[in-house]
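Participant: Chains as they are written, first to last, in the working numbering: chain A, 22 to 340; chain B, 72 to 580.
Be careful, since some hints might not be right.
Distance condition first, Cα-Cα at most 30 Å in a straight line; then the derived DSBU-like pairs of lysine-lysine [what the hints assert, rightly or not]: (1) LYS184(B) <-> LYS326(A); (2) LYS354(B) <-> LYS396(B); (3) LYS160(B) <-> LYS326(A); (4) LYS275(B) <-> LYS329(A); (5) LYS440(B) <-> LYS415(B); (6) LYS560(B) <-> LYS275(B); (7) LYS296(B) <-> LYS275(B); (8) LYS160(B) <-> LYS323(A); (9) LYS379(B) <-> LYS323(A).
What follows is a set of in silico ranges between Cβ atoms, one per label pair, in the way DEER data are often shown [unchecked claim]: (10) ASN111(A) <-> VAL139(B): 44 to 52 Å; (11) LYS113(A) <-> VAL471(B): 22 to 30 Å; (12) SER474(B) <-> ASN253(A): 47 to 55 Å; (13) LYS113(A) <-> SER474(B): 18 to 26 Å; (14) LYS300(B) <-> LYS329(A): 35 to 43 Å.
Honestly, the hints are just simulated from the structure, not real lab data. Think of the CB as a built atom: it goes at the ideal place given N, C-alpha and C, for glycine as much as any other residue.
What follows is each chain in one-letter form.
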Amino acid sequence: MEMLYLLLRQTMFFSIPLLIVALGGMFSERSGVTNIALEGIMVMGGFAGIYFINQLQSGMSGQLLLLLAIVIAVAGGVIFSLLHGYASINLKADQVISGTALNMFAPAFVIYLARMIQPSGIANVSFKNTFLISKVPVLGDIPVIGDIFFKNTYITTFVGFFILIVSAVVLYKTRFGMRLRACGEHPQAADSVGINVYKMRYIGVMISGALAGLGGLVLTIPISTEFKGAVNGYGFLALAVLIFGQWKPMRILWASLFFGFMQTISAAYSAIPFLLNLNIPSEFFKMTPYIATLIVLAFSSKSSKAPKAVGQPYDQGAR
Amino acid sequence: MDYIIEMLNIRKEFPGIVANDDITLQIRKTEIHALLGENGAGKSTLMSVLFGLYKPEAGSIKLRGKEVNISDPKTASRLGIGMVHQHFKLVEDFTVLENITLGAETVKNGFLKMDEARKKVMALSNRYKLYIDPDAKVSSITVGMQQRVEILKMLYRDNEILIFDEPTAVLTPQEIDELMGIMRELSKEGKSLIFITHKLEEIKKVADRVTVLRRGKGIGTYNVKDVTKEFLSEMMVGRKVQFTVDKKDIPPKEVIFEVKNLSMKTKGTTRNALNNISFKVRKNEIVCIAGIDGNGQSELVYALTGLKHFDEGHILVNGEDWTKKSIRYRNSHGMSHIPEDRHKYGLVLEYSMAYNLILQSYFMERFQKYSFLKKKNIYSYSDSLIGKFDIRSGQGSQTVTRSMSGGNQQKVILAREIDKNPSIMIAVQPARGLDVGATEFIHKQLVAQRDAGKGVLLISLELEEVMNLSDRILVIYEGELVGELDPKKVTIQELGLYMAGAKRDEVKA
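From just these sequences and the hints, can you work out the full model?
Facilitator: This is the structure we're talking about:
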């Protein structure tokens, strides 16, 4: 039983950042801007947040520091995403190219920066993990659920679920969400009823920047003690989650749990006697998340319901 | 007389062209005012000025006698001006209600609160007899219904001045009648309507007054009751226009083109795009395929011309099986194709006219040797066609096709396709987007082809074109042929019933 809980908790560590980043991508794409720069934004947000912790951890620790770091990571992501917004909304650049440029820029820039500003001159930014919550009072005592969600957990898990609920409500139940979706489906229609398409798209991109930045931090904290200037393809995995989730919040949750579980198997198979006893070379387990991505996307992209105007720069003049 | 809105001495210039030259348009309260003009006469520009999309160089706009400054569509909307665009501005993935309220949502603490909006929409829907289903997705309702959603969008915003931009272009005859009824109802209830069109019939049917534009100038405003259709068309074009094409009675001869049991599947659905289509075209005959847009016409043309693979059936030309022939074979062995979208399939817009004229024959010995093009031959060939078809352009054969007018672009295609001396000519919407003069020319050429012993297959959405040109009408509905009609015997109303799928016969090839 303890083994199962461990697996599920581990799944959470992988799924939550995927969930957060994919939801970010959802806001951008629902507004009509393809955002393959999620990877790069995660790197920037992760770096900003971790470096903040690195600097302040001598005087602070625990949940307050983590919450502050979240704010910093979000800010870093937003600022970096503005570059993508400016290129794809104002300059009407090809959004895939703009995103690719940012993805190439971010890791290099972060390593450069780390070497410049750290007295040690090394590229990795290390931090002390003082954020684990060994047991949430009261809730942790609930059988099963308590064991999965409220023991040995991080506050970021709850942040992730909170973001999910808020995202679903915002997207479907608010005026803003309805207008955002209209901009991604038929920007001319939105424009004709007085909605500022450029503004809505900027907001969409900035939300994606905020959540991807946060995702970079959330990903790093539970599984490492240093930030190495990369997020190992998680941004792209989040894109896969977004597509598999059909740009819908609840489906994105299931998709991220699925991919998170795959990731867990690849990372923790050696702790599972059953899998270890199969005597399969470790490379195969390492491959599972990526193979699963390929297979799932090959089957689900056929019935893909992407926002209709995603990827098309909106030009008010062209009618 | 009280005017609700006046556009006085409007002048709007674009680089190199005066789109609106001193135009005055005055709309009375509760009237239906038609704005008549050919393509490029300046109707859209004028309405864009009224809607705040363009800023005029001169002139003023008065609302109820007071001068107003309309700087953007939002202002226009606030002043009570609404527009049904020719291409609907609806979000397909949204429901009818969501589309109507988009941009003017009712909210409580930032959350959508649709109940009030729903009540208002339903009240309006009943009052104007629009009968919409507020919860249906827009992608699942008919074009006619979508138009009603657009109308409701204006009513929901309490607009008083309603602009209809070519609203009948996408409708069946029955839907057009219903729309006319709705328009009358709206004017009775106190709305003022501007009705942009180039169809004289409709003006006679529904409008109170009409303002005619020609080449950016206002020609005059008339009471519809006092003028004839002929007079209006003369005002619009600037000369007398022949409405019907002279067509001698020629008995059709042997079959030249035959389609047998052609079916094409649609990807991802069980419904076929084309279902068991069979027909024949004979020499000296114009066969017309009539139908509402999107009922399989494009797929049929793609299948016949080889642009798309089909699943079942056969195509025969002069008795020879062409089912598996390549596009080049079809092009060079007697099939001509005037495509629906001349920019996509007819021309390479960045090429000169000469190169567009040899698009299908550049590989022939006449135009190349060892795969080097023979420029001299190409240009002399092009010059001869320019003379023959009276193609007008800035720099003759060297003119970049993009810079030519739509009518002359179409002439380039027509020249190329006719000069091939085809057995079968497939013309898809050949007069689409052309003015009356160019249309007349194209129609005459098609009839000349028929008289010269070719078979002509005309695919058209324009009922007048169908009735005027064809010797035989086939009606297509949801990918099937549902009627074979004689244009001399059938009425437009009856044709409309077939097109809407309300009536069908067995069609035998």
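Participant: If a hint holds in the structure, say so; if it doesn't, say that too.
Facilitator: Cross-check of the supplied hints:
1. Taken as a hint, the LYS184(B) and LYS326(A) pair is honoured in the structure, with Cα atoms around 27 Å apart against an allowance of 30 Å.
2. Distance hint between LYS354(B) and LYS396(B) is fulfilled; the C-alpha atoms sit about 22 Å from each other, no more than 30 Å.
3. As the CA atoms of LYS160(B) and LYS326(A) are separated by approximately 20 Å, the hinted pair is consistent with the 30 Å bound.
4. Distance restraint check for LYS275(B) and LYS329(A): the Cα-Cα separation of roughly 40 Å exceeds the 30 Å cut-off, and the hinted pair is therefore not satisfied.
5. Of the supplied pair hints, the one linking LYS440(B) and LYS415(B) holds, its CA atoms being roughly 29 Å apart against a limit of 30 Å.
6. Restraint check: the Cα-Cα separation between LYS560(B) and LYS275(B) comes to about 24 Å, which is no more than 30 Å; the hinted pair holds.
7. Restraint check for LYS296(B) and LYS275(B): satisfied, since their Cα atoms lie roughly 8 Å apart, inside the 30 Å limit.
8. About 27 Å separates the Cα atoms of LYS160(B) and LYS323(A), which keeps this hinted pair within 30 Å; it holds.
9. Restraint check for LYS379(B) and LYS323(A): the C-alpha separation of about 21 Å stays at or below 30 Å, so the hint holds.
10. Separated by about 31 Å at the C-beta atoms, ASN111(A) and VAL139(B) break the suggested range of 44 to 52 Å.
11. The beta-carbon spacing between LYS113(A) and VAL471(B), approximately 25 Å, falls within the hinted interval of 22 to 30 Å.
12. Between SER474(B) and ASN253(A) the CB atoms are about 53 Å apart, so this pair conforms to the stated range of 47 to 55 Å.
13. Look at LYS113(A) against SER474(B): about 24 Å separates their beta carbons, and that is inside 18 to 26 Å.
14. One distance hint, 35 to 43 Å for the beta-carbon pair LYS300(B) and LYS329(A), holds here, with the actual separation near 41 Å.
Checked against the numbered hints above, the structure violates hints 4 and 10; every other hint is satisfied.
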